[in-house]
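Visitor: Chains as they are written, first to last, in this note's numbering: chain A, 1 to 591; chain E, 1 to 173; chain Y, 1 to 398.
Since the hints were made in silico from the structure, they are not lab data.
Among the hints, erroneous ones may be present.
What the hints assert, rightly or not - Now the stretches of chain E that chain Y is said to cover, found in silico as 3 or more residues with beta-carbon under 8 Å:
(1) 28-38
(2) 53-66
(3) 71-79
In this text the structure is predicted, and so the values were computed from the model without any measurement.
All C-beta atoms in this analysis are idealised placements derived from N, C-alpha and C, irrespective of residue type, glycine included.
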Amino acid sequence: MANTLVTKDLIPQTIQDIAQKAQTLEGKEIHLRAEKEAILHLCQALRNDSGLNYNFLSDITAVDYYTAESRFELVYRMYSIPEGRRLWIKVPVGIDQEVDTVTSVWKNADWMEREVFDMFGIRFSGHPDLRRILMPANWIGHPLRKDHPIGSEEVQFTVNTGDITSQIEFLNSRFEGMDFFGYVERGSELNTLYGAEKMKKYEEEGKIILNMGPQHPSTHGVLRVILALEGETIVDADLDIGYLHTGIEKQAEQLIYQQALTLTDRMDYVSPLMNNLGYSMSVEKILGVEVPPRGQYLRVLLAELTRIGSHLVWLGTHALEIGAVTVFLYCFQDRELLLDIFELLSGQRMMTSWINIGGLRDDIPEGFTHAVKNFLEVFPPRLKEYHTLLTNNPIWLKRTKGIGYLSLEDALDYGVSGPILRAAGMEFDVRKTWPYSAYSDFEFDIPTGENSDVYDRYLVRMEEMRQSLRIAEQALAKLPEGDYRIEDYKIVLPPRQRLDVSMESLIHHFLVATQGFLPPKGDAYVSYEGPRGETGYYIVSDGSGKPYRMHMRSPSFSALQSMPLMVRGHYVSDVISVLGSVDMIMGEVDR
Amino acid sequence: MEITGYNVAFIAIAAMTVTSAIFVVTLPNILRSALFLMFTFIGVAGLYVLANAEILAAMQLLIYVGAITVLILFAIVLTQQLMGARITQTSRNIVLGGVAAIAVFAFIATTFVSHFSKGSDMIAAQPAVPTSDPLLMIAKMLIQPYVLPFELASFILLVAMVGAIVIAKEDKD
Amino acid sequence: MPEIVIFLLIKLVMTIVIFALWMTMVPFMIWLERKVIADIQIRIGPNRVGPFGLLQPIADALKLIMKEDITPAKADKLIYPIAPALLMVPALLAIAVIPIGGMVTIGERSFTLQIMGEYRGPNGFFVPELDAGILLSLALSSLGVYGVVLAGWSSANKYSLLGGMRSSAQMLSYELPLGVALVGPLLLASSLRLNEVVNAQSNFGIWFIIPQFVGFIIFLMSGTAEVNRAPFDLPEAEQELIGGYHTEYSSFRFAMFFMAEYLNMVTISALAVTFFLGGYRLFTDIVWLQPIWFALKLMLFLYLFVWIRGTWPRVRYDQLMALGWKVSLPLALVNLAITAIVLAYVPKRAVLVLTITSIVLITIAYYGSSYNIRRSTDMTARSGYARRHLPESEETRI
Chain A
1 MANTLVTKDL
11 IPQTIQDIAQ
21 KAQTLEGKEI
31 HLRAEKEAIL
41 HLCQALRNDS
51 GLNYNFLSDI
61 TAVDYYTAES
71 RFELVYRMYS
81 IPEGRRLWIK
91 VPVGIDQEVD
101 TVTSVWKNAD
111 WMEREVFDMF
121 GIRFSGHPDL
131 RRILMPANWI
141 GHPLRKDHPI
151 GSEEVQFTVN
161 TGDITSQIEF
171 LNSRFEGMDF
181 FGYVERGSEL
191 NTLYGAEKMK
201 KYEEEGKIIL
211 NMGPQHPSTH
221 GVLRVILALE
231 GETIVDADLD
241 IGYLHTGIEK
251 QAEQLIYQQA
261 LTLTDRMDYV
271 SPLMNNLGYS
281 MSVEKILGVE
291 VPPRGQYLRV
301 LLAELTRIGS
311 HLVWLGTHAL
321 EIGAVTVFLY
331 CFQDRELLLD
341 IFELLSGQRM
351 MTSWINIGGL
361 RDDIPEGFTH
371 AVKNFLEVFP
381 PRLKEYHTLL
391 TNNPIWLKRT
401 KGIGYLSLED
411 ALDYGVSGPI
421 LRAAGMEFDV
431 RKTWPYSAYS
441 DFEFDIPTGE
451 NSDVYDRYLV
461 RMEEMRQSLR
471 IAEQALAKLP
481 EGDYRIEDYK
491 IVLPPRQRLD
501 VSMESLIHHF
511 LVATQGFLPP
521 KGDAYVSYEG
531 PRGETGYYIV
541 SDGSGKPYRM
551 HMRSPSFSAL
561 QSMPLMVRGH
571 YVSDVISVLG
581 SVDMIMGEVD
591 R
Chain E
1 MEITGYNVAF
11 IAIAAMTVTS
21 AIFVVTLPNI
31 LRSALFLMFT
41 FIGVAGLYVL
51 ANAEILAAMQ
61 LLIYVGAITV
71 LILFAIVLTQ
81 QLMGARITQT
91 SRNIVLGGVA
101 AIAVFAFIAT
111 TFVSHFSKGS
121 DMIAAQPAVP
131 TSDPLLMIAK
141 MLIQPYVLPF
151 ELASFILLVA
161 MVGAIVIAKE
171 DKD
Chain Y
1 MPEIVIFLLI
11 KLVMTIVIFA
21 LWMTMVPFMI
31 WLERKVIADI
41 QIRIGPNRVG
51 PFGLLQPIAD
61 ALKLIMKEDI
71 TPAKADKLIY
81 PIAPALLMVP
91 ALLAIAVIPI
101 GGMVTIGERS
111 FTLQIMGEYR
121 GPNGFFVPEL
131 DAGILLSLAL
141 SSLGVYGVVL
151 AGWSSANKYS
161 LLGGMRSSAQ
171 MLSYELPLGV
181 ALVGPLLLAS
191 SLRLNEVVNA
201 QSNFGIWFII
211 PQFVGFIIFL
221 MSGTAEVNRA
231 PFDLPEAEQE
241 LIGGYHTEYS
251 SFRFAMFFMA
261 EYLNMVTISA
271 LAVTFFLGGY
281 RLFTDIVWLQ
291 PIWFALKLML
301 FLYLFVWIRG
311 TWPRVRYDQL
321 MALGWKVSLP
331 LALVNLAITA
341 IVLAYVPKRA
351 VLVLTITSIV
361 LITIAYYGSS
371 YNIRRSTDMT
381 ARSGYARRHL
391 PESEETRI
């Protein structure tokens with residue numbers, strides 16, 4: 001079934017087929033290939049069929065198979081929650097072809113399709129607002145296409161792209177004989193400033209337009225929010241992202257697998273170890289290797305410590321934005337203990353790159369267990385103190401209760417996952433639904449809320465920290481002896497001491513360090529439960545030492561999309577609470 | 001007129017009051033006019049102090065400066081800055097406005113002149129020194145002889161307030 | 001030398017000394033705030049400039065003054081520069097009515113340590129204390145609104161404007177409960193003169209904080225809101241409005257806003273001391289010790305301001321207004337009515353009765369508000385897992 005192309009006529013049959021499989025274990029993960037004409041109807045059928053109920057669009061991305069007959073391949077990935085069935089649809093698309101938009105099926109397809117358009121230039125017919133999202137509006141070309149030139153070209157700024165045609169001529173002359181910019185489109189009709197039309201309408205209606213960010217103290221970096229206000233009440237909001245876009249997905253294509261790992265640290269920069277984990281698991285899936293138990297346990301331990309660290313940053317900044325400056329400093333004080341642990345481990349405080357393809361970079365050092373035990377002992381009373389400071393504080397309650405409501409239907413529609421979805425009452429956690437690493441060995445609970453407001457998200461995250469502590473305790477207690485990584489020296493570096501005695505090890509070391517390893521052709525998509533929700537890594541291998549395509553499914557990207565929904569009808573001050581409760585990291589949104 | 005501390009203070013404060021008042025009506029920028037209105041009211045409060053009416057002065061500051069002018073400022077800022085409506089300082093009905101101004105001036109002037117014709121020198125007149133606690137006097141006045149006007153005034157204010165709320169509410173729906 | 005000249009000289013010296021003291025309070029307060037907050041937040045705070053970092057505020061002030069004074073291109077060229085002064089001048093003037101010590105006698109002249117205070121010279125030369133002292137003080141504090149609203153307006157910046165509007169609305173709303181809360185002590189003292197209020201407290205043998213506890217709480221709350229301090233520091237909520245009305249200001253004009261805020265805080269504390277904590281009197285009547293007692297009590301309040309700031313999150317604008325109009329003002333009025341009735345019918349046992357009623361009133365208010373919060377949190381009482389797994393002590397408290 002994975003290789004037959006689903007056409008429009010085949011849809012009913014396919015649905016039936018999937019429905020049958022859904023009852024069995026086979027239905028847990030289904031691959032499909034579909035014709036581009038069929039995609040909209042197929043998605044509608046998948047979403048609306050009550051038996052299938054693929055209600056959660058996780059990701060839309062694309063791959064540029066430069067030499068293939070139909071150049072691009074769109075990848076749709078959807079889940080049925082809470083049953084936990086996964087489905088991929090791959091859709092081949094030619095260079096000049098348009099694809100039907102699925103925004104009518106899932107709302108979060110909006111930004112995802114815009115990203116695909118921005119990066120690959122694939123147009124979606126019927127999309128309500130197809131504009132660039134990450135790149136500047138006046139950018140030339142679509143950067144994730146394989147023929148987009150890399151390096152040595154002039155950086156595009158407004159100053160030097162004033163005259164677009166001369167710029168194109170310049171680049172064409174530079175890469176003579178290569179039709180790099182044959183497809184260039186100015187696209188000015190598409191590249192209007194974000195939400196300008198919509199906001200203009202509000203302005204004409206006499207609403208106040210207030211611009212927040214990108215240089216605003218509470219937009220967590222560089223998010224731009226444009227608010228239409230009536231008095232202080234928010235009528236509508238628009239978001240402008242991409243200010244922190246660093247082209248990590250493009251960069252990864254130029255680096256060998258081990259090097260690309262270091263880029264993942266920089267995406268969600270408050271939980272780098274988790275990014276390492278997701279990326280490593282994805283590459284390991286392509287390689288078909290299994291990490292030994294000790295490595296798995298240590299990965300779980302580190303991931304949970306990272307989660308606590310990330311939640312501490314969230315709690316601190318959230319409280320800071322609502323005005324409790326002290327909580328912020330307390331949280332960073334506690335996070336310091338975690339950073340010390342990471343430093344002990346890797347010598348780095350943030351960009352650790354410690355979880356590596358095949359296991360960990362090295363075994364835990366002396367004193368690590370002691371440091372973690374110390375943290376596990378010190379932190380619970382501190383957590384209790386945060387509860388004392390905030391949980392029953394009347395001002396805190398007034399600022400967070402009933403603010404930023406997002407119904408469960410909307411949350412699923414927008415592909416919101418993690419604490420925000422759980423606060424809406426859905427018990428969805430990748431660690432439980434599709435256990436990875438060694439999570440099935442651990443006992444922990446998934447906290448959920450009921451009211452889906454800022455306060456419930458707060459409670460859910462606070463409880464998650466406690467559950468993470470539980471997992472970390474278990475991991476430490478049950479930590480098995482043995483290898484911390486695989487013993488295949490074609491993939492991991494041989495131990496340092498063997499280099500002095502073994503020629504073979506030296507050769508392995510040289511090869512792994514210079515050209516990396518060569519995984520088989522194929523692709524893999526592995527998701528894990530990050531602090532902000534379901535985070536996924538999609539990696540395509542063409543058999544070379546460098547990933548052909550690396551894509552990250554960012555949870556904040558989806559959650560942020562639902563933000564205008566959460567703030568409508570509230571006051572300007574509530575934008576701050578809502579942004580705090582979304583807990584987005586712009587590094588991972590913009591990538 | 002001999003030069004006493006009292007006279008110097010009076011002339012200074014009166015000059016400030018009158019100058020600000022002139023600015024209020026002549027400045028093209030309405031917000032600046034409001035600002036000078038504040039100075040005018042402060043000047044009037046100063047005159048009250050010179051007339052030994054400290055409590056009246058404090059009330060003038062509290063009510064006229066602290067509340068009424070601020071309200072005017074609010075109205076200007078809200079309409080002009082937030083709503084984008086232009087408020088012009090000059091009236092389109094110059095003739096009507098002129099007639100009204102002249103009428104008011106004539107009324108005050110006649111009162112003034114009639115006082116002078118009686119032979120009392122208003123500027124030189126020393127302020128009356130109260131015989132007992134002025135606060136007590138005001139309080140007694142309000143409670144005993146003037147209780148009805150006092151209550152009536154508060155009732156009218158209440159009606160105005162309710163009316164304002166009703167109008168604001170209706171506007172919303 | 002005529003008596004009037006001596007009178008003016010004495011007043012001049014007193015004014016200079018008191019102003020100087022008050023102005024030193026500002027850097028000291030900034031230092032205290034930074035040190036205490038640092039202590040609360042497990043930091044060290046300023047410790048480089050001078051002993052214990054005491055000279056840090058002065059270094060900061062110098063730095064601020066050295067900065068370029070920027071006027072935005074679209075700002076109003078007349079109002080923008082004078083707005084900080086409009087905030088600063090009333091803040092300074094309000095000091096004039098506050099007594100920091102009792103009657104001092106030098107030779108045949110005696111006067112109170114109060115700029116607008118009583119003065120007795122030889123040959124019956126007598127200048128009484130300003131009659132409407134507290135009214136003047138309140139009136140001046142209401143003038144501060146101009147500085148704020150005009151600064152916000154003239155900066156030609158939406159954040160400034162919103163901050164200015166918020167702040168002025170907040171100051172206007174809280175003036176009412178602030179004033180009404182003071183009427184209770186005034187009734188007890190039966191005078192508008194601040195010196196009389198202090199004396200009345202020693203005559204009663206009890207600080208007015210006891211019989212007027214409700215008034216005290218309301219005064220504290222409204223005072224905090226009036227001077228825009230946490231948790232009511234919305235106008236300058238940098239997380240929402242960047243810097244509020246003073247976003248565009250720099251250099252000395254910014255320093256003036258800063259100073260005015262701290263001056264107002266000191267003034268509000270001084271009023272609280274005078275009205276509720278027995279003013280400058282403590283233990284003995286040695287006159288030269290009285291300013292020290294006053295300063296000590298003042299410190300208590302200043303510390304309280306800092307402490308609150310270090311602990312609580314910020315309320316939202318509409319919640320702040322609701323608190324002012326729906327809670328503080330009615331409560332202050334009820335308190336006023338009770339005080340008046342008690343004084344009219346049981347003047348002999350007024351203190352005792354008032355103490356009891358204020359305890360009752362505050363209990364009702366406390367349970368009323370916690371009922372209100374509980375009602376609004378009822379939704380989560382049914383909430384899911386996260387709720388059920390709160391630490392035990394937290395569960396029981398809601």
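Visitor: Does each hint hold? Answer for all of them.
Guide: Going down the list of hints, with the structure as the test:
1. 28-38: With 5 residues closer than 8 Å to chain Y, the segment 28-38 of chain E meets the three-residue bar; holds.
2. 53-66: Held - the segment 53-66 of chain E has 9 residues with a Cβ nearer than 8 Å to chain Y, which meets the minimum of three.
3. 71-79: holds (count 4)
Against the hints set out earlier in the document, no violation occurs for any number.
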